[in-house]
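> Residue strings, one per chain:
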Amino acid sequence: MNLVPNIFAPVSGHARALYTYSMLVLGITGAIFVVVASLLAYAVVRFRERPGDERVEPPQIYGSDQVEIAWTVIPVLIVIVLALVTTRTIHAVQDAPKPPGAIEVTAIGRQWWWELRYPDLGIVTANELHIPVSDPRNPTPTYLTLLSADVAHSFWVPRLAGKTDLIPNRVNHTWMDPEQPGLYLGQCSEYCGTQHAKMLLRVYVHTREDFAKWVATQKEAPVAEPKAAAGRHVFETTACLNCHAVQGTVGNGRFGPDLTHLMSRETLASGAALNTPENLRTWIRAPERLKPGSLMPAMQLEDRELDDLVAYLVTLR
Amino acid sequence: MTSDSLTLGGAGAADARDGTFLETLHDWVVTVDHKRLGLLYIVYGIVFLAVGGLEATIMRVQLAAANLHVVSPQVFNRMMTMHGTTMVFLVGVPILFGFGNYLVPLMVGARDMAFPRLNALGFWLTAFGGFLLYFSFLGGDGLYGAGSAPDVGWFAYAPLTSTAFSKGHSTDYWTLAILLGGFGTIGTAINIITTVLCLRCPGMTLGKMPLAVWMFFTMSAMTLVVMTPLSAAQIMLCIDRYLGGHFFDTQAGGSAVIWQHFFWMFGHPEVYVLIIPGFAFASEIIPVFSRKAIFGYPAMVAATTGIGFLSMGVWAHHMFTVGMSSHANTFFALITMAVGIPTGIKIFNWLGTMWGGKIRFATPMMFCLGFLFQFLIAGLTGIMLAAVPFDWQLSDSYFVVAHFHYVLLGGLLMTIFAAMYYWFPKATGKMLSQTLGRWHFWLFVIGFHLTFDTMHIPGILGMPRRIYTYEADRGWDVFNLICTVGVAFQALAIVLFLWNVVRSLLWGKDAGNDPWDAWTLEWAVSSPPPHYNFALLPVVRSRRPLWDFKHPEDPDWLYE
Chain A
4 MNLVPNIFAP VSGHARALYT YSMLVLGITG AIFVVVASLL AYAVVRFRER PGDERVEPPQ
64 IYGSDQVEIA WTVIPVLIVI VLALVTTRTI HAVQDAPKPP GAIEVTAIGR QWWWELRYPD
124 LGIVTANELH IPVSDPRNPT PTYLTLLSAD VAHSFWVPRL AGKTDLIPNR VNHTWMDPEQ
184 PGLYLGQCSE YCGTQHAKML LRVYVHTRED FAKWVATQKE APVAEPKAAA GRHVFETTAC
244 LNCHAVQGTV GNGRFGPDLT HLMSRETLAS GAALNTPENL RTWIRAPERL KPGSLMPAMQ
304 LEDRELDDLV AYLVTLR
Chain B
32 MTSDSLTLGG AGAADARDGT FLETLHDWVV TVDHKRLGLL YIVYGIVFLA VGGLEATIMR
92 VQLAAANLHV VSPQVFNRMM TMHGTTMVFL VGVPILFGFG NYLVPLMVGA RDMAFPRLNA
152 LGFWLTAFGG FLLYFSFLGG DGLYGAGSAP DVGWFAYAPL TSTAFSKGHS TDYWTLAILL
212 GGFGTIGTAI NIITTVLCLR CPGMTLGKMP LAVWMFFTMS AMTLVVMTPL SAAQIMLCID
272 RYLGGHFFDT QAGGSAVIWQ HFFWMFGHPE VYVLIIPGFA FASEIIPVFS RKAIFGYPAM
332 VAATTGIGFL SMGVWAHHMF TVGMSSHANT FFALITMAVG IPTGIKIFNW LGTMWGGKIR
392 FATPMMFCLG FLFQFLIAGL TGIMLAAVPF DWQLSDSYFV VAHFHYVLLG GLLMTIFAAM
452 YYWFPKATGK MLSQTLGRWH FWLFVIGFHL TFDTMHIPGI LGMPRRIYTY EADRGWDVFN
512 LICTVGVAFQ ALAIVLFLWN VVRSLLWGKD AGNDPWDAWT LEWAVSSPPP HYNFALLPVV
572 RSRRPLWDFK HPEDPDWLYE
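Order-wise, the sequence lines are chains A and B.
Per our numbering: the first sequence = residues 4 to 320.
Per our numbering: the second sequence = residues 32 to 591.
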């Protein structure tokens with residue numbers, strides 16, 4: 004699967020509007036480039052000093068009002084055309100009205116991961132956003148409210164939507180109306196500190212049926228498996244629960260990602276590693292190895308406790 | 032009033048005193064001579080150019096392939112912050128003020144700047160600002176243990192700079208260094224403005240000043256305006272960090288966006304503060320090597336001041352993604368696109384100057400031609416970034432990094448090299464080697480295009496700026512590798528240039544007063560000029576006094 008987040012391969016109405024407009028701008032600027040670069044090349048070749056020229060100065064020309072007016076008016080006209088198209092596209096994308104079937108998501112930027120909340124569906128997850136395809140005849144776009152819990156971040160999934168920043172003490176919005184199911188990659192694009200580079204974002208676009216299934220599994224309360232009771236005890240009696248929440252336990256921390264359905268996610272540490280039991284173990288024991296500078300502390304557990312804890316966490320599906 | 036008054040070299044041209052090393056050093060440290068201060072600024076800028084280049088190289092090596100571990104994320108972020116801060120505040124501004132210092136009094140026919148002591152103060156404040164910033168490597172004591180440089184990025188967005196997220200003193204070094212250097216910059220700007228307004232030689236009306244003087248004047252006026260919000264923002268940040276203020280403290284109701292407004296109110300005009308002196312160099316060099324007067328002098332002056340005014344109203348085009356209203360976004364897009372009009376006029380006038388001329392491909396002209404081509408591209412990618420919906424994709428991506436390096440290397444640095452080759456003979460009395468100059472030019476141009484043409488592509492493919500590493504599945508690897516390879520060419524070019532300088536100082540051939548057959552007043556005095564510049568104050572009647580002197584049968588003042 005081609006995962007390159009190419010801005011020129013849009014798969015949503017939002018990204019396509021930006022793409023169409025960008026092609027127009029590229030066309031105009033490309034034409035200007037060809038004309039001016041040709042004039043420059045011509046001047047350099049045609050008016051180079053030739054042998055024997057050294058003694059005589061060329062005729063001195065100080066300027067020409069007609070020529071100045073011509074090369075002022077033409078750029079003015081180009082700017083006017085660009086301005087009109089720009090105004091229309093800004094309005095169309097930024098002020099797009101929210102249709103009744105829209106999915107609401109609140110994305111909260113944190114050093115260095117994404118908290119994702121679906122207020123209408125009662126789902127809380129992290130780093131991997133699941134949304135449905137939006138059919139233009141019966142649109143179900145996703146409308147995002149963007150917040151930040153610490154410093155400035157920026158939400159960017161190039162194939163689905165342009166950037167919008169997540170800024171503390173400010174509420175921003177963006178939207179996406181994906182056309183095809185698939186996995187689309189993005190990442191934080193405003194420098195936010197040490198691990199800005201590993202604040203990755205994955206957007207899974209599902210068909211409507213698949214999205215309904217995903218919602219159903221996320222809403223299920225986790226089943227307490229007896230063989231994982233020892234690990235659950237570790238979770239509930241160590242510092243884990245200061246930062247992490249698991250539904251049905253005493254853990255309700257908000258500083259780190261909600262772990263209720265941890266194993267439904269493909270990656271750990273905001274995309275820094277695949278979500279395998281081995282990586283999970285490393286992540287708890289020595290987070291520095293996967294994501295140096297991360298705010299997840301090394302948990303200093305005994306090997307036995309670590310094994311139990313990992314065994315418990317892998318039951319959180 | 033006769034043109035004889037232009038033989039101004041002065042009998043006692045050689046005022047270089049033989050002294051011990053300590054005496055010479057002392058002379059340079061206590062000097063208030065605008066030429067020496069100009070050279071000090073330029074040498075200081077070149078030293079930091081090497082330092083900033085080294086920081087860039089470290090970053091490029093780290094980014095040569097996906098998930099490398101050449102340096103830690105912490106070190107990378109410091110390199111990124113220091114590279115940006117160094118190149119803007121310790122390289123760009125000092126080198127350009129150095130040229131302004133050196134050239135403006137000579138070009139307007141004055142014996143020194145209006146306030147020589149203020150001039151010295153300005154240089155030393157700037158210098159100590161730089162040293163203070165770099166002392167942070169020893170005394171920063173940031174979040175990651177004793178001794179670290181700032182790591183908040185060169186525009187240091189709030190609230191990453193608050194005490195909650197930036198512990199220790201690294202951010203304070205950054206703030207205070209910029210504040211200190213900023214005062215020096217303001218002093219020098221006042222000095223240039225006063226010199227231009229009050230010290231022009233007899234006959235030199237504003238409309239007869241060399242274009243370069245107009246441009247240094249505009250650049251200084253802009254500097255005065257824009258250093259104010261920057262200094263204010265730094266003081267507010269200090270108050271937040273040490274006196275319990277809440278200007279940018281979002282957790283206590285402060286605003287992160289206000290910092291961005293203050294910073295870019297400085298930051299965007301700053302780009303024009305940097306590039307307008309580049310225009311100044313091009314506007315002097317292109318006519319001389321095309322053997323024609325500048326085409327459309329009044330239009331060039333109007334375009335320069337027009338850019339100066341318009342540039343004050345474009346700052347929020349750095350903020351199209353922060354969630355401003357669609358009306359505000361539209362306004363800033365339109366003003367930004369409007370800047371393209373005077374900029375276009377300039378490019379056309381330079382082309383008009385070359386048109387019908389006899390172009391000599393001396394090294395300064397080579398760099399100016401490179402500048403014209405590269406600056407054209409930089410301007411057009413600028414239009415793309417001003418186009419808000421396009422910018423929503425490109426903002427904060429590697430496309431932006433490519434764009435502003437196109438402006439600052441492809442545009443500004445090329446004209447600085449042109450200016451170095453053009454005025455080096457005047458400042459030292461020795462010619463730089465043309466052969467080494469060719470090598471310098473071609474190696475630099477090849478390296479520049481390898482690195483920065485390629486760098487646009489990962490931006491289009493979704494690569495954000497300021498990341499210390501990236502994933503292997505994004506398709507960015509090969510482009511980043513090419514970018515890194517280009518650095519080697521550029522570094523080699525700079526080494527050749529420095530060698531050219533040393534070689535020419537020691538064994539270069541003598542330049543004479545006027546090696547380029549040029550037309551402005553600095554070429555009427557000896558090389559290097561005497562301490563007092565002009566034994567007799569010159570009297571001018573046109574924009575090209577030396578043309579009038581060399582062509583008494585057909586002087587410019589008949590036509591202007």
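In short, the hints are calculated from the structure, not lab data.
Keep in mind that the hints are not guaranteed to be accurate.
[As the list claims (entries may be wrong)] Between beta-carbon pairs, the in silico distance windows are: (1) ARG469(B) <-> PRO54(A): 38 to 48 Å; (2) LEU29(A) <-> PRO233(B): 51 to 61 Å; (3) PRO583(B) <-> ALA73(A): 14 to 24 Å; (4) THR241(A) <-> PHE166(B): 50 to 60 Å; (5) PRO233(B) <-> GLU57(A): 13 to 23 Å; (6) THR210(A) <-> PHE166(B): 30 to 40 Å; (7) ALA519(B) <-> GLN250(A): 30 to 40 Å; (8) ARG469(B) <-> SER41(A): 23 to 33 Å; (9) THR210(A) <-> LEU523(B): 27 to 37 Å.
[As the list claims (entries may be wrong)] Residues from chain B that face chain A, not an exhaustive set, calculated with beta carbons under 8 Å: (10) VAL63; (11) LEU85; (12) LYS323; (13) ARG391; (14) PRO495.
Small disclaimer: the values here were computed from a predicted structure and weren't measured.
Yeah, the Cβ is synthetic: ideal placement off N, Cα and C, and Gly gets one too.
> CB of THR241(A) to CB of PHE166(B), is that within 50 to 60 Å?
For PHE166(B) against THR241(A), whose Cβ atoms are near 43 Å apart, the range 50 to 60 Å is violated.
> Between the beta carbons of ARG469(B) and SER41(A), is the distance compatible with 23 to 33 Å?
Roughly 25 Å apart at Cβ, these two residues keep to the hinted range, so it holds.
> Does the CB of PRO495(B) sit less than 8 Å away from some CB of chain A?
holds, 4 Å
> 27 to 37 Å was suggested as the range; check whether the CB atoms of THR210(A) and LEU523(B) agree with it.
Violated - the Cβ-Cβ distance for THR210(A) and LEU523(B), about 55 Å, lies outside 27 to 37 Å.
> With 8 Å as the cut and Cβ atoms as the points, is LYS323(B) at the interface with chain A?
holds, 6 Å
> Have a go at the VAL63(B) hint: is there a Cβ in chain A nearer than 8 Å to its own Cβ?
This interface hint is violated because 38 Å lies over the 8 Å limit.
> Measuring from beta carbon to beta carbon, are ARG469(B) and PRO54(A) in 38 to 48 Å?
violated, 19 Å
> CB of THR210(A) to CB of PHE166(B), is that within 30 to 40 Å?
violated, 59 Å
> Please check whether PRO233(B) and GLU57(A) have a Cβ separation lying inside 13 to 23 Å.
violated, 34 Å
> Would the hint on LEU85(B) be counted as holding, given a Cβ-Cβ threshold of 8 Å to chain A?
violated, 21 Å
> Against chain A, with CB atoms and a cut of 8 Å, does the hint on ARG391(B) hold up?
holds, 5 Å
> Taking 14 to 24 Å as the stated bounds, is the beta-carbon spacing between PRO583(B) and ALA73(A) within them?
Check failed, 35 Å falls outside 14 to 24 Å.
Checked against the numbered hints given earlier, this structure breaks hints 1, 3, 4, 5, 6, 7, 9, 10 and 11; the rest are met.
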